[in-house]
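Chain residues, written in single-letter form:
Number of protein chains: 2
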Amino acid sequence: MIKKRFTTDFIKELEELFTWRRDVRHFKPDPVPPKILDHLLSFACKAPSVGLSEPWHFVQVNNLDLRHKIYLNFKENNQKASQNYKSKEQTLYQSLKLSGLNDAPHHIAVFSEFDPSQGKGLGRQTIPQTTAYSTVMAIFSFWLAARAYGVGVGWVSILSPPDIIQLLDIPKTWELIAYLCVGYPKFFQNIPELEIKGWEKRNPDKHKWLIK
Amino acid sequence: MIKKRFTTDFIKELEELFTWRRDVRHFKPDPVPPKILDHLLSFACKAPSVGLSEPWHFVQVNNLDLRHKIYLNFKENNQKASQNYKSKEQTLYQSLKLSGLNDAPHHIAVFSEFDPSQGKGLGRQTIPQTTAYSTVMAIFSFWLAARAYGVGVGWVSILSPPDIIQLLDIPKTWELIAYLCVGYPKFFQNIPELEIKGWEKRNPDKHKWLIK
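Top to bottom, those sequences are chains A and B. To convert, take the position in the first sequence, counting from 1, and add 489; that gives the working numbering. To convert, take the position in the second sequence, counting from 1, and add 489; that gives the working numbering.
In case anyone wonders, no lab produced these hints; they're calculated from the structure. Misleading hints may appear alongside valid ones.
[Stated by the list, open to error] Keeping only pairs whose Cα atoms sit at most 27 Å apart, straight-line, the calculated BS3-like set for lysine-lysine is: (1) A:Lys517 with B:Lys535; (2) A:Lys686 with A:Lys575; (3) A:Lys493 with B:Lys524.
[Stated by the list, open to error] Chain B side only, calculated, beta carbon under 7 Å to chain A, not exhaustive: (4) Leu503; (5) Ser531; (6) Cys534; (7) Asn552; (8) His595; (9) Tyr622; (10) Phe677; (11) Ile680; (12) Asn692.
Even glycine gets a Cβ: it sits at the ideal position worked out from N, Cα and C.
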């Protein structure tokens with residue numbers, strides 16, 4: 490049956506999903522059942538993709554030695570990044586927990602093919618980054634569905650992509666889009682942690698349209 | 490009240506939302522009420538963003554002369570792109586309707602700041618594209634909420650970003666992420682149009698995890 494529109498109650502609950510969807514860095518150790526992880530991946534595969542290229546590859550990193558090396562890569566790059574800040578700001582930066590790599594029961598690396606044969610290049614001639622953008626929508630689909638299940642996702646970006654590609658022995662034609670920590674959150678929040686900790690706050694001006 | 494998880498019914502309906510969310514190219518002329526457009530923008534503003542940088546700018550292009558110039562830019566770049574294909578594939582490409590620029594009642598250009606001061610650079614040192622990725626998640630939030638309201642979104646990528654930035658007099662420090670056609674769809678589909686027309690089909694292998 491054709492689904493024309495959704496109910497007002499559904500839209501309200503969808504808004505709650507967006508409100509309570511956080512970037513999670515504090516995880517319980519309990520694993521997520523494989524059946525749920527598979528369902529989340531199927532949500533990811535419903536994402537739009539340029540030319541129907543489906544350029545994404547979802548990689549579960551289960552090897553503990555690899556995970557530890559990835560944590561060390563985060564630690565090194567986070568230490569470097571902290572050098573960009575001074576005095577109080579640096580102290581605040583260093584107090585932030587910017588990844589759940591050591592707690593999360595699941596590590597999922599997400600890659601995107603630069604130039605996939607699937608899709609035959611349609612839609613990519615002027616903006617080749619559209620494959621990466623498609624993969625981002627797959628990741629966000631995974632993330633939203635996860636939150637509906639009460640599962641938290643944390644997107645770690647403080648990693649060196651060439652190092653991760655080498656560590657995980659990934660083809661050079663793929664790019665690292667995200668490294669996700671996945672598991673049940675220790676607590677639920679409707680306000681971003683960076684706002685709670687005083688790093689940054691939301692900008693109400695973003696709710697205004699620019700008109701041309 | 491803390492929202493821990495959502496009901497099985499909600500998850501099922503969320504899956505329907507993803508299933509019926511299409512890239513729309515066939516629009517009715519009826520405008521979308523401003524109140525709904527504003528609500529969709531507020532969904533976009535709930536998207537995750539690197540360092541809470543909220544790098545997105547949503548621009549309604551209402552000027553008909555500008556819209557026409559943008560359509561001509563699409564037409565030119567689409568014509569160029571069609572030269573990449575030969576014989577039957579080229580004929581098929583040329584038969585595809587790849588934008589609803591001439592039908593959609595709303596044009597929305599979405600830009601992302603390369604290096605926003607908001608967020609103070611957190612999370613961007615090793616993967617600076619994370620601002621663009623944040624904006625992609627804002628666009629997809631808008632898109633999903635739109636579909637819940639029965640409103641269609643079509644992402645046009647066959648445009649030259651420098652031309653669009655010049656036409657719309659946009660700061661050089663912003664990048665064009667997407668040009669969206671927005672309006673009520675002429676029909677609803679749960680299968681991608683590119684699959685229906687025989688351009689490409691979904692790859693079932695994408696539903697398999699890679700394990701490391």
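- Query: For this structure, which hints from the list above don't hold up?
  - Reply: Hints 8, 11 not satisfied by this model.
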